[in-house]
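Visitor: Chain by chain, the residues run as shown.
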Amino acid sequence: EETGDDENYEYGKVDFTEHSCRYCGVQNPACVVRCNVPSCRKWFCNSRGNTSGSHIVNHLVRAKHKEVCLHKDSPLGETILECYNCGCRNVFLLGFISAKTESVVVLLCREPCLSVNALKDMNWDLSQWCPLIDDRCFLQWLVKIPSEQEQLRARQISAQQINKVEELWKTNPDATLEDLEKPGVDDEPQPVALKYEDAYQYQNVFAPLIKLEADYDKMMKESQSKDNVTIRWDIGLNKKRVAYFVFPKEDNELRLVPGDELRLRYPGDATHPAWQSVGHVIKLTAQEEVALELRASQGVPVDVNHGLTVDFVWKSTSFDRMQGAMKTFAVDETSVSGYIYHHLLGHEVESQVVRNTLPRRFGAPGLPELNASQVFAVKSVLQKPVSLIQGPPGTGKTVTSAAIVYHMAKQGQGQVLVCAPSNVAVDQLAEKISATGLKVVRLCAKSREAVSSPVEHLTLHYQVRHLDTSEKSELHKLQQLKDEQGELSSSDEKKYKALKRATEREISQSADVICCTCVGAGDPRLANFRFRQVLIDESTQATEPECLIPLVLGVKQAVLVGDHCQLGPVIMCKKAARAGLAQSLFERLVLLGVKPFRLQVQYRMHPALSEFPSNSFYEGTLQNGVTINERQSSGIDFPWPVPNRPMFFYVQMGQEEISASGTSYLNRTEAANVEKIVTTFLRSGVIPSQIGVITPYEGQRAYIVNYMSRNGALRQQLYKEIEVASVDSFQGREKDYIILSCVRSNEHQGIGFLNDPRRLNVALTRARYGIVILGNPKVLSKQPLWNGLLTHYKEHECLVEGPLNNLKQSMVQFQKPKKIYN
Amino acid sequence: DDAIQVRQKVVEVDPLEEAEFDREFRALMQESLESRKLELRARPTLNMTIPMNVFEGSARDHHGRSMEGESGDEVVDEEGGVGNKKDVCVKVLVKRGNKQQTKQMLIPKDCSLVQSTKQKEAAELEE
Ligand SMILES: [Zn+2]
Ligand SMILES: [Zn+2]
Ligand SMILES: [Zn+2]
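Those sequence lines, one after another, are chains S and L. With the working numbering, letter number 472 in the first sequence gets 472, and the count goes up by one each step, no holes. With the working numbering, letter number 109 in the second sequence gets 109, and the count goes up by one each step, no holes.
Derived by calculation from the structure, the hints in this document are not laboratory data. Watch out, some of these pointers could steer you wrong.
[What the hints assert, rightly or not] A short, non-exhaustive set of chain L residues, derived as facing chain S with CB atoms under 10 Å:
(1) Asp14
(2) Glu20
(3) Asp22
(4) Glu24
(5) Glu34
(6) Val88
(7) Val90
(8) Leu106
(9) Ile107
[To be verified] Distance ranges between label pairs, derived from CB positions:
(10) Ala193(S) with Asn98(L): 52 to 60 Å
(11) Glu18(L) with Lys439(S): 54 to 62 Å
(12) Gln509(S) with Lys109(L): 50 to 58 Å
(13) Glu18(L) with Lys816(S): 55 to 63 Å
(14) Leu358(S) with Glu18(L): 46 to 54 Å
(15) Gly414(S) with Asn98(L): 52 to 60 Å
(16) Asn117(S) with Lys109(L): 25 to 33 Å
(17) Arg23(L) with Thr17(S): 29 to 37 Å
[To be verified] Straight-line C-alpha distance at most 30 Å; calculated BS3-like pairs for lysine-lysine:
(18) Lys42(S) with Lys95(L)
(19) Lys782(S) with Lys794(S)
(20) Lys37(L) with Lys120(S)
(21) Lys120(S) with Lys103(L)
(22) Lys379(S) with Lys195(S)
(23) Lys37(L) with Lys218(S)
(24) Lys120(S) with Lys109(L)
(25) Lys66(S) with Lys109(L)
(26) Lys109(L) with Lys794(S)
(27) Lys439(S) with Lys283(S)
(28) Lys86(L) with Lys144(S)
(29) Lys103(L) with Lys42(S)
(30) Lys239(S) with Lys95(L)
(31) Lys120(S) with Lys99(L)
(32) Lys239(S) with Lys494(S)
(33) Lys103(L) with Lys66(S)
(34) Lys72(S) with Lys86(L)
(35) Lys95(L) with Lys64(S)
(36) Lys66(S) with Lys99(L)
(37) Lys439(S) with Lys500(S)
(38) Lys109(L) with Lys95(L)
(39) Lys95(L) with Lys72(S)
(40) Lys109(L) with Lys72(S)
For each residue, glycine too, the CB sits at the ideal point set by N, CA and C.
Input sequences plus hints: build the corresponding full structure.
Guide: In structure tokens, the structure reads:
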């Protein structure tokens, strides 16, 4: 989703130093020696790790190599170990003896030099010959054994892996341990685990999954070329050329989002030369029109409106940053604190308390008062190096997060990094944190600088442009020149870039808090920043490697906020999803026994609407922070079957159909009834922006949009303003009224998407004032959770059928649920 | 401030793997010994001269830091490192081509190498 300008940036640049142990990665010069066989020359350390011999001895024995050389920074300097007398270099024969009476020692070989009688005569004490290799390990005082810390942080290699890699080196001396794990093309990838021996194993598991997802994403996006596109030309406020066009959406999950890069092409004709230009999507209009801001304004065929082609330009940036973060996590010991390193890998670590003076009150200026569970979460989090906050729908996790960040920033441990996977969530957080009075910088991807943002004044690019001090006037002059002319002379451009970079740095460094997306945390502009305190919101919607990007910048205290009972990250590649890429770090930490602090008071839903979700997803712990009166929609005359319960399940028996694309579903009867419900809401005084229609299927979404605009009983424009979207894209948001169209109505097939309890949870918890669910109880009741929902509605006399103006309780029979959901 | 307690897992070495490694290790050792016996037993030459300056005064270690005290003196690990144990400073004599070089190195006091030297020094003192 994030594209950036980091072509020249090298990810995970912290690399294996040449002399790191080829088995485990230990790189302390005092602990390593080099195999001196010319075809080998690999370095190994003197730790035993998980084997009976030290790594260097293991290598020498397995490879049948016998000579070694010490490191230049070791006490003896770069020295090939050899017999002082005969020059024999076989380390299996060498040992130290002391010369005569002084404390001078030399290496002497056991055969033949040690058994030469003449030496004895020369007063050498041959009885105390001390072999170089003792107990399958080099003498510890010659080649040091890495500390326990170093060993724990190193790759945990097994004897089996050693044997395998030594076997591999016989044919391919440059092979790495990663080559052992490389799956064949058709193999299922190795699934994710709960615990990992070390960060290398972690990387070995996740790197192939990210690669799979990246390949799939590339394939999907690059196949999105559209010919014969009709363009409407415009000029933006920044004088850049903008192309508007409709980019027909197929029934797949691919959606254009602001920041995406597209190429526009025209093949040329008699009066126009062939032309092409790339640009960034800056917005998507309500009419599903795409606005593309072109990078170059020259030569645009503005008098041509038809026959253009649009291609997707795929960028590997976000995937590169994930891979880079994993590499940094493995090879850079300072990337995260030792505690967090072991904690993330699932090692048992003695619990640690962060010793900070706690504030007297846990709220923050500019924010609403915190409730008891929020105060408890803030207080607890401030004292722990790693913590999870679970925020069920509407429980104020943004306010809680902002309060935590406020107190962290006041502790004076340097800048706090605040991230979330989505730009929307980052903006919301940035706004709340800024309200506390802290200095906030919102770092946007370069490709999104033209995308409008509710917190524009906090963005780095805006602050750079508006830092109006005299020292900066040079930058302003150049900026103006660039804006007017479109480009600068190469020397001016150089000056401009340098000034801009310096200003960006100055502004970023003076901020208390930096906010960006998780992927944005890998931006080269943050490359030299270190953050000891990191908060990640919506962390349950990020993949683990994505979450790692903001963490490997030196984190010592990490707070993950999210809700593992709502939807997780979207993984397009089924293979990667099956292998567990869709499981978030938050979830794995929960499975490892980290207990999240749960926020318990919800301020969104009418109490009647929160009852079922609370009981089904949160063990009944969700309390209502709003009363029935506060959610009574005065003046709205809608035919709720039970007046104090603004909810009903509207029984639908219409058939589902496969959509035109063949990959999705639609249900015409449900769509027609959605229109009737929408119209009734509108007639009763509800305005379009208060209504959301959600459905799990793209086929149905497109059909409803189309149906309402053609058949809506009221003004067409009203229906166009109503948001119709998938469950997934509604996560994190709310509407006053929600209409949920379930679509599936086939007795013999499953209910697909609706099977995921987390999706049902999200769907049921978007509405503040009222909800209408349309579906087929006969089909849905087979699934235990839906059976529970239907029973709940039936018990409250909210399961109805018939025309809207004459709803009657339905007597439809449920089916027995297949198996108990747990 | 980053002292952490990771619960040490007990390293379990697979006995089969250990036995196999041991076998290979001994085979390599044996082979090394035998090959040398055949090659060199006949005419062992002696080339063990030690330059006199090795026995003189204080040498400089390779960091250019002057090592206080005579060789053989007990020195305390400057870093005050692990256990702060006392080591003994010895000179290691190596050959670079035909030239001899000495390097300073710390050896634990209880190592047999230095113990025997100390004993002999003591014995000689008594004579
Ligand atoms: Zn080797
Ligand atoms: Zn090693
Ligand atoms: Zn020899």
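Visitor: Compare the structure with each hint and give your call.
Guide: Hint check results:
Taken as an interface hint, Asp14(L) checks out: its beta carbon lies about 6 Å from the nearest beta carbon of chain S, inside 10 Å. Interface restraint check for Glu20(L): the shortest CB-CB distance to chain S comes to about 9 Å, inside 10 Å, so the restraint holds. Satisfaction of the interface hint for Asp22(L) is found here, the shortest Cβ-Cβ separation to chain S being roughly 7 Å, below the 10 Å cut-off. Given hint, Glu24(L) at the interface with chain S, holds; its Cβ is 5 Å from that chain's nearest Cβ, closer than 10 Å.
A hinted interface residue such as Glu34(L) counts as satisfied when its beta carbon comes closer than 10 Å to some beta carbon of chain S; here the least separation is about 9 Å, so the hint holds. For Val88(L), the suggested interface contact is upheld, since its CB lies about 7 Å from the closest CB of chain S, less than 10 Å. For Val90(L), the shortest C-beta to C-beta distance to chain S is roughly 4 Å, which falls under 10 Å, so the interface hint holds. This hint holds: Leu106(L) has a C-beta 7 Å from the nearest C-beta of chain S, less than the 10 Å allowed.
Below 10 Å, beta-carbon pairs count as interface contacts, and Ile107(L) has one with chain S at about 5 Å; its hint therefore holds. Checking the proposed 52 to 60 Å range against Ala193(S) and Asn98(L) shows it holds: the Cβ atoms sit about 57 Å from each other. Evaluation of the 54 to 62 Å hint for Glu18(L) and Lys439(S) yields a pass: the beta carbon distance comes to about 60 Å. Taking the beta carbon of each, Gln509(S) and Lys109(L) are about 52 Å apart, inside 50 to 58 Å as hinted.
At about 58 Å, the CB distance of Glu18(L) to Lys816(S) agrees with the hint of 55 to 63 Å. Taken as a hint, the range 46 to 54 Å holds for the pair Leu358(S) and Glu18(L), whose Cβ atoms sit roughly 52 Å apart. A beta carbon spacing of about 57 Å between Gly414(S) and Asn98(L) agrees with the range 52 to 60 Å that was offered as a hint. Distance hint check for Asn117(S) and Lys109(L): the Cβ-Cβ separation is about 31 Å, which falls inside the suggested range of 25 to 33 Å.
For Arg23(L) and Thr17(S), the hinted distance range of 29 to 37 Å is satisfied, since their beta carbons lie about 34 Å from each other. Taken as a hint, the Lys42(S) and Lys95(L) pair is honoured in the structure, with Cα atoms around 24 Å apart against an allowance of 30 Å. Among the hinted pairs, Lys782(S) with Lys794(S) is consistent with the structure: their alpha-carbon atoms are about 16 Å apart, no more than 30 Å. The hinted pair formed by Lys37(L) and Lys120(S) meets the criterion: a straight-line CA distance of about 19 Å does not exceed 30 Å.
Taking the CA atoms of Lys120(S) and Lys103(L), the gap is about 24 Å. The hint holds against a cut of 30 Å. A distance of roughly 29 Å separates the Cα atoms of Lys379(S) and Lys195(S); the hinted pair therefore holds under the 30 Å criterion. Restraint check for Lys37(L) and Lys218(S): the C-alpha separation of about 65 Å exceeds 30 Å, so the hint is violated. In summary, the hint linking Lys120(S) to Lys109(L) is supported, as the alpha carbons are separated by about 24 Å, within the 30 Å threshold.
A C-alpha spacing of about 29 Å is found between Lys66(S) and Lys109(L), which places the hinted pair at or below 30 Å, so the restraint holds. The hinted pair formed by Lys109(L) and Lys794(S) fails the criterion: a straight-line CA distance of about 85 Å is larger than 30 Å. A distance of roughly 28 Å separates the Cα atoms of Lys439(S) and Lys283(S); the hinted pair therefore holds under the 30 Å criterion. The suggested pairing of Lys86(L) with Lys144(S) holds, with an alpha-carbon distance near 16 Å, which does not exceed 30 Å.
Our distance criterion of 30 Å between C-alpha atoms is met by Lys103(L) and Lys42(S), whose separation comes to about 25 Å. Simply put, Lys239(S) and Lys95(L) have alpha-carbon atoms about 75 Å apart, too far for the 30 Å limit, and the pair is violated. For a cut-off of 30 Å, the pair hint linking Lys120(S) to Lys99(L) stands: about 24 Å separates their Cα positions. In summary, the hint linking Lys239(S) to Lys494(S) is supported, as the alpha carbons are separated by about 22 Å, within the 30 Å threshold.
Distance restraint check for Lys103(L) and Lys66(S): the Cα-Cα separation of roughly 23 Å lies within the 30 Å cut-off, and the hinted pair is therefore satisfied. Under the criterion of a C-alpha separation no larger than 30 Å, the hint pairing Lys72(S) with Lys86(L) is consistent with the structure, at around 25 Å. A distance of roughly 25 Å separates the Cα atoms of Lys95(L) and Lys64(S); the hinted pair therefore holds under the 30 Å criterion. Straight-line distance between C-alpha atoms of Lys66(S) and Lys99(L) comes to about 24 Å, which keeps the hinted pair within the 30 Å bound.
Restraint check: the Cα-Cα separation between Lys439(S) and Lys500(S) comes to about 20 Å, which is no more than 30 Å; the hinted pair holds. Under the criterion of a C-alpha separation no larger than 30 Å, the hint pairing Lys109(L) with Lys95(L) is consistent with the structure, at around 25 Å. Between the alpha carbons of Lys95(L) and Lys72(S) the distance comes to roughly 16 Å, so the proposed pair stays at or under 30 Å and holds. The straight-line distance between the Cα atoms of Lys109(L) and Lys72(S) is roughly 25 Å, inside the 30 Å bound, and the hint therefore holds.
Of the numbered hints listed earlier, those contradicted by the structure are 23, 26, 30.
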